[in-house]
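Just so you know, the sequences run in chain order A and B. For the record, in the first sequence the residue sitting at position 277 is 277 according to this note's numbering, with numbers rising by one throughout. For the record, in the second sequence the residue sitting at position 169 is 169 according to this note's numbering, with numbers rising by one throughout.
Rather than coming from a laboratory, the hints here were simulated on the basis of the structure. Only a predicted model underlies this, so the values are computations on that prediction, with no experimental measurement involved. Honestly, I wouldn't trust all of these hints.
Here are the computed distance ranges between Cβ atoms for each label pair [unchecked claim]:
hint	chain 1	residue 1	chain 2	residue 2	range
1	B	S259	A	H253	47 to 53 Å
2	B	R79	A	R189	26 to 32 Å
3	B	R79	A	E242	46 to 52 Å
4	A	G445	B	K107	26 to 32 Å
5	B	S263	A	F335	31 to 37 Å
6	A	N112	B	S259	55 to 61 Å
7	B	S259	A	P99	32 to 38 Å
Here are the simulated SDA-like cross-link-like pairs (lysine to any residue), alpha carbons at most 25 Å apart as the crow flies [as the list claims (entries may be wrong)]:
hint	chain 1	residue 1	chain 2	residue 2
8	B	K224	A	Q296
9	A	K8	B	I112
10	A	K272	B	M222
11	A	K205	A	N175
12	B	K107	A	E71
13	A	K412	B	S110
14	A	K205	B	C226
15	A	K205	B	I112
16	A	K117	A	A238
17	A	K205	B	E255
18	A	K272	B	R242
19	A	K272	B	Q253
20	B	K107	A	K248
21	A	K355	A	T266
22	A	K272	B	A221
23	B	K200	A	S280
24	A	K205	B	T95
25	A	K205	B	T213
26	A	K412	B	I112
27	A	K272	B	S259
28	A	K205	B	W24
29	B	K224	A	E71
30	A	K205	B	H171
31	A	K412	B	D34
32	A	K376	B	K254
33	B	K254	A	L187
34	B	K225	A	T266
35	A	K205	B	L223
36	A	K272	B	D34
37	A	K205	B	S263
38	A	K272	B	S110
Using N, Cα and C, we set each Cβ at its ideal position, and we do this for glycine too.
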Amino acid sequence: MSPDLLIKNAHIIDPGQDIDTTGDILVSQGKIKSIGKDVKETGIPIIDASGLIACPGFVDVHCHLREPGFEAKETIESGTAAAAHGGFTTVCCMPNTNPPLDNLASIDYVNNTAARKGVIRVLPVGCITKGRAGKEMTEMMEMANAGCVGFSDDGSPVTNSRVMSLAMEYAASLNTLIIDHCEDTELSRDGQINDGWVAARLGLKGIPAAAEESMVARDIALARMTGTRLHITHVSTAGSVELIRNAKKEGIHITADATPHHLTLTEEAVLKNIAKNGISLAYDTNAKVNPPLRSQSDIEALIRALNDGTIDAIATDHAPHSTEDKLCELDTAAFGISGFETAFGVLMTLVNTGKIQLTTLLACLTHKPAGIIGEKYGVTATLRESSSADIVLLDLNKIWKVNARSFYSKGKNTPFNGIDLKGSVAATIFQGNFAYRDSMLEVTG
Amino acid sequence: MNVNETKLSVSGHESFPSLSIELWQHRHVLDLDDFSCDEVNLVFEIADAMSEVISRDVKKVPTLRGKTIATMFFEPSTRTRSSFELAAKYLSADTVSLDSIKSSVAKGESLIDSLRTLQALGVDTIVMRHPCSGAPYIAAQNLETSIINAGDGCHAHPSQGLLDMYTLRRHLGDLNGRKVVIVGDITHSRVAGSNIWATKALGVKLTLCAPPTLLPHGLHAMLKKCSLDHVTVEHDLDVAIRDADAVMPLRLQKERQQSGLISSIREYIQLYQLTPQRLSLAKPGAIVMHPGPMNEGIEISHEVAYSSQSLIEEQVTNGVAVRMALLYLITGGKIR
């Protein structure tokens, strides 16, 4: 349990500080002590990180740890282990638990459980409205003081625009963040997948792009009116990207994230992703997610938005489910993808195919999401001296096959199962301790 | 192809059909998207022989004796279910009909667990209907037992597609180049879904006619993506019906008005009801079909439903023959 560690010969990338060099990182008492060449230190554990990238631990502004209430899907213990396996050292967990995180006691519960069982930093997101019912706003001040990093009724939008605008005004006074899941639930009613050709092919009710875009447009109007900090999460359509781009130009305080699956998969994953037993149509419930996987042109718009900064961060929307939630009819299957453990490998396909630069990817996983949260929760996502030693070691050349059964997460629900990915996490260090270490990575000394 | 004279041999299958049974490569019948023209014709040829059986005084052949066929309907159905059950009985299969399935579902049993129970009971073929699109696909991915899709959600109803084309073929002969119009609630119609593929296999030109609110948004993109260039979409029935060899109105559920998809039943009738006047715009003697159950006076007028051009009752009879053919091919065939 020594918080001291020397990482030797790593390719160090710290996008927040424009550092891209080869050298050593000395960790002492859970903090970064120094970065340099040929750092000499004896009597502490040493990793030879030759051939590996060392960068700040990943920050995920949107995930579901399911505790309290849905411990069969995930717990804070299993969820943080899975996050560490994916390279994350900070995750923000959404409040659609049972009961929902809509008061101080439930926030305290998550914080206490994370302190006892978690292997990385967990920052809870609180509900915007009590019971996620969309009617009365929660006691945000008290919850924010207890460590609530932002507020969202994720899983649902706040449909009532008046309630949303009041919550935004209130949140602005607390300088906290409003995170919205944008969906016009009348337009998306009974929808299962994107409202496109695959829905027509499979006889499924579609969720149109306009269901997201109309709510993004409303939120932008409300943010303009209230001056709040607004974060649009899991952006999935080209139209939403355009709205956010224009809002940013206008100077509205808005940020956005997109998920690895929306950046890489289209609606066609539902149709033909690994149909078993030679059956022609897969109806793959593991590709059922909300918002739904969209079209190729939406993917291209999301990638452009990552490159031009319209989309600030990549968030996993890690949404673990138990087998029985997915091994069923597509209409009754739960929405969501277990995303922590495939995120980096999946995102590296964008780098490996030249669609984005490695530094852009790492920025969207580190200091940019940290900037959305703000530094007051101890998330710096930097390798600056004296900051928390939250470090991930990455092997860009390792080719591996996704095997959901080997996930640390209880949720084996992934549309990426069985595919080969190039790029993996070799170790995740949180406050100087290993939160995850690949068995091939040797530690000496 | 004409109705051939082949007799169904009761003691063995060697004498029929003329198309090689080796053609048949399906373990399940989930939809018609993977049916070739020859396979459809094979089904028709066997159905001809089955038609002869059901026209007999004693409607029973021992072909599937010792086989067990389960019908498992997760939503109400009278005609399709009775049609399959009679088809199985005429072939001497034992049938089990799972009414209790609703209660096990009510007790929380999952679809796959229910089906695995049937498989463990030794059932040879499961005929299933389910309100969710794709349910039989999920079943087939997780089971060894053969599945025949008797209708899944808004997706497919392959035996209906086959019986519709079979009925047409008996009256029109070769269907290549013929024009069929399906009019009504296309979005929610598994019958239209399967007929899109059945018509493709047989070279039939298909027009889908509906107000935009009863067509899937992704329909045009799907037609393009799946190379279904034999299909056209038309909102105006008076235009769609011109030169049609056959017209098939679909049942309009009254709930579509409540859910806002149509303005009123009254206006729907004005725009889309198949009346004698409208039918007169089609080819002389054009055939009228309906997958049932009908809402007479809504999508079809009484006069048309019972006119000499209507083959609606014959569809029901042919349905039994076509389902016997499918059960024979799936349950009696040698494909494993």
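Results of checking the hints against the structure:
1. Roughly 40 Å separates the CB atoms of B:S259 and A:H253, a value that falls outside the hinted 47 to 53 Å.
2. At roughly 30 Å, the beta-carbon separation of B:R79 and A:R189 lies within the given 26 to 32 Å, and the hint holds.
3. Between B:R79 and A:E242 the beta carbon distance is about 50 Å. The supplied range of 46 to 52 Å therefore holds.
4. Between A:G445 and B:K107 the C-beta distance comes to about 60 Å, which lies outside the given range of 26 to 32 Å.
5. The hint said 31 to 37 Å for the Cβ distance between B:S263 and A:F335, and at roughly 33 Å that hint holds.
6. Between A:N112 and B:S259 the Cβ separation comes to about 47 Å, which falls outside the hinted range of 55 to 61 Å.
7. Distance hint check: the CB atoms of B:S259 and A:P99 are about 33 Å apart, consistent with the given range 32 to 38 Å.
8. Between the alpha carbons of B:K224 and A:Q296 the distance comes to roughly 16 Å, so the proposed pair stays at or under 25 Å and holds.
9. About 53 Å separates the Cα atoms of A:K8 and B:I112, which puts this hinted pair outside 25 Å; it is violated.
10. In summary, the hint linking A:K272 to B:M222 is supported, as the alpha carbons are separated by about 15 Å, within the 25 Å threshold.
11. A C-alpha spacing of about 40 Å is found between A:K205 and A:N175, which places the hinted pair above 25 Å, so the restraint is violated.
12. Between the alpha carbons of B:K107 and A:E71 the distance comes to roughly 23 Å, so the proposed pair stays at or under 25 Å and holds.
13. In summary, the hint linking A:K412 to B:S110 is supported, as the alpha carbons are separated by about 19 Å, within the 25 Å threshold.
14. With a C-alpha separation of about 19 Å, the suggested pairing of A:K205 with B:C226 holds against the 25 Å cut-off.
15. A hinted pair counts as satisfied when its Cα atoms are at most 25 Å apart, and A:K205 with B:I112 qualifies at roughly 22 Å.
16. For the proposed pair A:K117 and A:A238, the alpha carbon gap of about 40 Å is over 25 Å, so the pair is violated.
17. A hinted pair counts as satisfied when its Cα atoms are at most 25 Å apart, and A:K205 with B:E255 qualifies at roughly 16 Å.
18. Proposed proximity of A:K272 and B:R242 is contradicted: the alpha carbons are some 38 Å apart, above 25 Å.
19. Taking the CA atoms of A:K272 and B:Q253, the gap is near 32 Å; set against the 25 Å cutoff, the hint is violated.
20. A threshold of 25 Å between alpha carbons decides the hint, and for B:K107 with A:K248 the separation of about 52 Å lies outside it, so the pair is violated.
21. Under the criterion of a C-alpha separation no larger than 25 Å, the hint pairing A:K355 with A:T266 is consistent with the structure, at around 16 Å.
22. Simply put, A:K272 and B:A221 have alpha-carbon atoms about 17 Å apart, close enough for the 25 Å limit, and the pair holds.
23. A C-alpha spacing of about 17 Å is found between B:K200 and A:S280, which places the hinted pair at or below 25 Å, so the restraint holds.
24. Our distance criterion of 25 Å between C-alpha atoms is broken by A:K205 and B:T95, whose separation comes to about 34 Å.
25. For the hint linking A:K205 to B:T213, the alpha-carbon distance of about 13 Å falls within 25 Å, and the restraint holds.
26. A hinted pair counts as satisfied when its Cα atoms are at most 25 Å apart, and A:K412 with B:I112 qualifies at roughly 18 Å.
27. Pair hint A:K272 plus B:S259 does not hold up; C-alpha atoms about 32 Å apart against a cutoff of 25 Å.
28. Taking the CA atoms of A:K205 and B:W24, the gap is about 33 Å. The hint is violated against a cut of 25 Å.
29. Straight-line distance between C-alpha atoms of B:K224 and A:E71 comes to about 45 Å, which puts the hinted pair past the 25 Å bound.
30. In summary, the hint linking A:K205 to B:H171 is not supported, as the alpha carbons are separated by about 36 Å, beyond the 25 Å threshold.
31. About 31 Å separates the Cα atoms of A:K412 and B:D34, which puts this hinted pair outside 25 Å; it is violated.
32. Simply put, A:K376 and B:K254 have alpha-carbon atoms about 58 Å apart, too far for the 25 Å limit, and the pair is violated.
33. This hinted pair checks out: B:K254 and A:L187 have alpha carbons roughly 21 Å apart, not beyond 25 Å.
34. Restraint check: the Cα-Cα separation between B:K225 and A:T266 comes to about 14 Å, which is no more than 25 Å; the hinted pair holds.
35. Taking the CA atoms of A:K205 and B:L223, the gap is near 17 Å; set against the 25 Å cutoff, the hint holds.
36. Pair hint A:K272 plus B:D34 holds up; C-alpha atoms about 15 Å apart against a cutoff of 25 Å.
37. At most 25 Å may separate the alpha-carbon atoms for a hinted pair to count; A:K205 and B:S263 meet this at roughly 21 Å.
38. Note on A:K272 and B:S110: the hinted pairing holds, with a Cα-Cα distance of about 23 Å set against a maximum of 25 Å.
In this structure, the earlier hints numbered 1, 4, 6, 9, 11, 16, 18, 19, 20, 24, 27, 28, 29, 30, 31 and 32 are contradicted, and the remaining ones agree with it.
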